[in-house]
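**Q** Start from the sequences, fold in the hints, and give me the full structure.
Using our numbering, the final residue of the sequence shown is 163, and nothing's skipped along the way.
A couple of the hints might just be wrong.
[To be verified] Capping the alpha-carbon separation at 30 angstroms, the derived lysine-lysine pairs in DSS-like fashion look like this:
1. Lys-141 / Lys-51
2. Lys-161 / Lys-73
3. Lys-30 / Lys-114
4. Lys-70 / Lys-29
5. Lys-114 / Lys-141
6. Lys-70 / Lys-83
7. Lys-73 / Lys-83
8. Lys-162 / Lys-83
9. Lys-162 / Lys-111
10. Lys-10 / Lys-51
FYI, nobody ran anything at the bench for these hints, they're computed from the structure.
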Amino acid sequence: MHKLQWIENKILDASSLQRHINMWRSVGKKIVFTNGCFDILHHGHLDLLAKAADFGNILIVGLNADASVKRLKGEERPINHEKDRAFQLASLLCVDAVCYFDEDTPEALIKMIKPDVLVKGGDYNINTIVGADTVLANGGKVEIVPFVQGYSTTQLIENIKKL
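**A** The following block contains the structure:
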């Protein structure tokens, strides 16, 4: 399989993702989930994804679709189209699957996936992590990865505007 096809095959719709999850679970894989906009991929994102992958065998990334990013971040966002953001994430060795969600939160996706581990960055706490209750009720764990100081998409955009 060509590398480009390998990357594209990691970008899945919900029904394809469900088939993959069933296969991964049938062979005893521990599934980890995280989510975000990942508008301009930076060191903080990469740190989170690499650390999230270490909590299990399979890392699934829920990606806010463009409309969702606009509602959450404002009309000037996203900077990068959802297809570009998905391609970048799927290009990473530590990411096994990327799935879009159009809603403001990934709650429906989390309920479908039923991850063994839900991971978010240090700007969250257990009470503010969407889906934490679902994961814990299913016997899973919620992990919070410390925030890497000095990295944020909003700050990157502000720095670019100053140039």
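**Q** Are the hints correct? Go through all of them and say.
**A** These are the hints, each one checked on the structure:
At most 30 angstroms may separate the alpha-carbon atoms for a hinted pair to count; Lys-141 and Lys-51 meet this at roughly 15 angstroms. Using a Cα cut-off of 30 angstroms, the hinted pair Lys-161 and Lys-73 holds, with the two alpha carbons roughly 17 angstroms apart. Restraint check: the Cα-Cα separation between Lys-30 and Lys-114 comes to about 11 angstroms, which is no more than 30 angstroms; the hinted pair holds. With a C-alpha separation of about 34 angstroms, the suggested pair Lys-70 and Lys-29 falls outside the 30 angstroms cut-off, and the hint is violated.
As the CA atoms of Lys-114 and Lys-141 are separated by approximately 11 angstroms, the hinted pair is consistent with the 30 angstroms bound. A hinted pair counts as satisfied when its Cα atoms are at most 30 angstroms apart, and Lys-70 with Lys-83 qualifies at roughly 15 angstroms. About 18 angstroms separates the Cα atoms of Lys-73 and Lys-83, which keeps this hinted pair within 30 angstroms; it holds. For the suggested pair Lys-162 and Lys-83, the alpha carbons sit about 28 angstroms apart, so the restraint of at most 30 angstroms is met.
Pair hint Lys-162 plus Lys-111 does not hold up; C-alpha atoms about 42 angstroms apart against a cutoff of 30 angstroms. For the hint pairing Lys-10 with Lys-51, the CA-to-CA distance comes to about 19 angstroms; that is within 30 angstroms, so the pair holds.
Of the numbered hints listed earlier, those contradicted by the structure are 4 and 9.
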